[in-house]
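K.L.:
Build out the structure end to end from the sequences listed, making use of the hints.
Number of protein chains: 2
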Amino acid sequence: MKSPGPIGFIRGLLRIISAKPQAPRSLQDNALLNVILRRRSVRSFASRDIPDDVFSAILEAGRVAPSTVNLQSWSFATFSAESWRAKFGHPIPFKARRAIIVLADTHRDRLALGTDAFPHSPLMEYTLAVMNASLAAMAMSIAAEALGVSSVMLSETGRSGMLDMAWLAEQLRLPSGVFALTTIVFGYAHGVYPPMPPRLPMETVSFDGAQGYREPAPGVMQSWLEQMIAGYKASHLTSSFEAQLRIYQNKIEQAEADLHRMIFGDS
Amino acid sequence: MKSPGPIGFIRGLLRIISAKPQAPRSLQDNALLNVILRRRSVRSFASRDIPDDVFSAILEAGRVAPSTVNLQSWSFATFSAESWRAKFGHPIPFKARRAIIVLADTHRDRLALGTDAFPHSPLMEYTLAVMNASLAAMAMSIAAEALGVSSVMLSETGRSGMLDMAWLAEQLRLPSGVFALTTIVFGYAHGVYPPMPPRLPMETVSFDGAQGYREPAPGVMQSWLEQMIAGYKASHLTSSFEAQLRIYQNKIEQAEADLHRMIFGDS
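Chains A and B are the protein sequences, given in the same order.
Under my numbering, think of the first position of the first sequence as 1, with each following residue one higher.
Under my numbering, think of the first position of the second sequence as 1, with each following residue one higher.
It is worth saying that the hints were derived from the structure and are not from the lab.
Remember, predicted model here, so these are calculated numbers, not experimental data.
Any given hint could turn out to be false.
As the list claims (entries may be wrong) - A short, non-exhaustive set of chain B residues, derived as facing chain A with CB atoms under 10 Å:
(1) 84
(2) 209
(3) 221
(4) 225
For each residue, glycine too, the CB sits at the ideal point set by N, CA and C.
P.N.:
Put into structure tokens, the structure is as follows:
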């Protein structure tokens with residue numbers, strides 16, 4: 001990973017500030033589209049509580065999300081600010097008011113269909129559950145946004161996601177076949193929304209399927225990296241993109257071993 | 001798997017017809033929430049084309065979806081009705097007008113960060129990419145719904161999803177580290193929306209995180225199974241839930257071996 005020089009830093013910062021999701025002009029008045037495109041991962045919350053009916057509606061969006069063969073291979077562990085603190089001994093990260101730990105759940109399907117419903121296929125069952133649980137997670141996050149509630153999906157902060165799967169399985173007393181993916185924390189945003197972290201250009205992340213996979217144009221990934229590094233430096237006074245990556249690098253080996261054991265049942 | 005008798009069948013059918021997503025009364029006028037809760041997987045499309053600007057806006061919702069450390073580990077293979085037919089020799093399933101094959105992409109991150117950015121951790125990198133690509137998939141599906149466009153995420157029909165990962169990797173000439181998860185097919189719904197396939201009760205899919213995982217109440221999974229079987233029989237004249245499961249059972253062993261090879265690079 002090459003770090004950018006000062007010119008790259010400034011260029012990166014300017015690109016972040018000017019970048020906006022691009023709704024076609026003809027559709028700029030569509031309220032829900034705007035909610036989806038303007039959603040941000042928010043990390044600063046007001047002290048105002050989320051009413052029960054609003055939180056229920058967010059969960060309902062997860063409950064009715066689509067899933068492979070309607071198997072609904074997800075579970076949601078819900079928390080208030082108080083119950084999170086009672087459980088984990090510290091506040092919900094970013095002082096959010098509610099939290100949902102989203103679990104990929106293959107256990108419940110096996111109760112319904114029988115443990116021998118499928119030939120031994122741990123990776124496929126795991127993949128299916130991770131995909132479905134993630135669909136539900138996104139539906140809940142967008143539903144929250146539609147209700148004026150901001151959120152962020154955590155992967156690491158406060159041992160909240162897949163890097164601490166084994167620890168979370170213990171904490172939540174999960175049966176085998178249930179995997180903690182991410183914690184979504186919810187609250188009312190404190191202050192204005194931050195600019196969008198640098199997204200890759202549409203022509204980098206999509207391609208004409210009839211033509212086959214397209215590699216990124218030269219320089220695109222380096223430019224994105226410059227923006228990531230500049231954006232982190234500007235918004236996290238005490239951290240950096242490299243430091244954030246190092247947290248992952250340090251935790252991922254243990255997480256890999258744990259996950260291997262959890263999927264394949266070896267030790 | 002125990003099949004229900006005729007009373008179970010009728011009971012299942014009545015439950016499906018009466019089940020509706022439950023927005024709290026106080027929020028029933030929220031248009032955006034209603035779009036999310038009333039979304040259905042649609043399998044019957046009108047011949048009307050989706051305008052380019054509408055399809056672009058759907059893709060944009062995927063491009064700006066959130067992801068772990070903003071890594072955007074997804075790619076979208078896009079198709080029109082014509083390019084799908086040219087590529088695969090048959091129409092998009094259900095005569096949809098556009099299709100997006102959603103790919104979990106670990107390849108591009110490695111270009112940016114270097115192949116040795118992380119200690120060897122194929123399962124974690126795979127999980128992260130599957131989760132992120134699924135978040136993008138759900139965002140695109142909800143964005144479509146917001147624009148009046150219906151969709152369904154396919155896992156099997158027409159070799160469109162994770163059960164045919166290896167075949168799709170060949171078809172799309174995917175580099176190693178890129179995995180086809182699902183194909184979303186889009187179009188304008190033909191006729192009225194079908195009732196919601198039977199969702200599990202909220203108290204079955206969620207639990208108080210401070211209390212720990214909760215097993216389903218007795219009978220809940222059997223009741224759900226009755227509804228699934230009845231619903232399939234009522235809506236698929238030539239198929240059944242058991243037949244659909246058998247398709248998965250037959251394909252999953254090969255898919256498991258392929259996926260193992262694709263993740264771990266063995267043969």
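K.L.:
For a quick check of understanding: which of the numbered hints are violated here, in increasing order?
P.N.:
No hint contradicted; all consistent.
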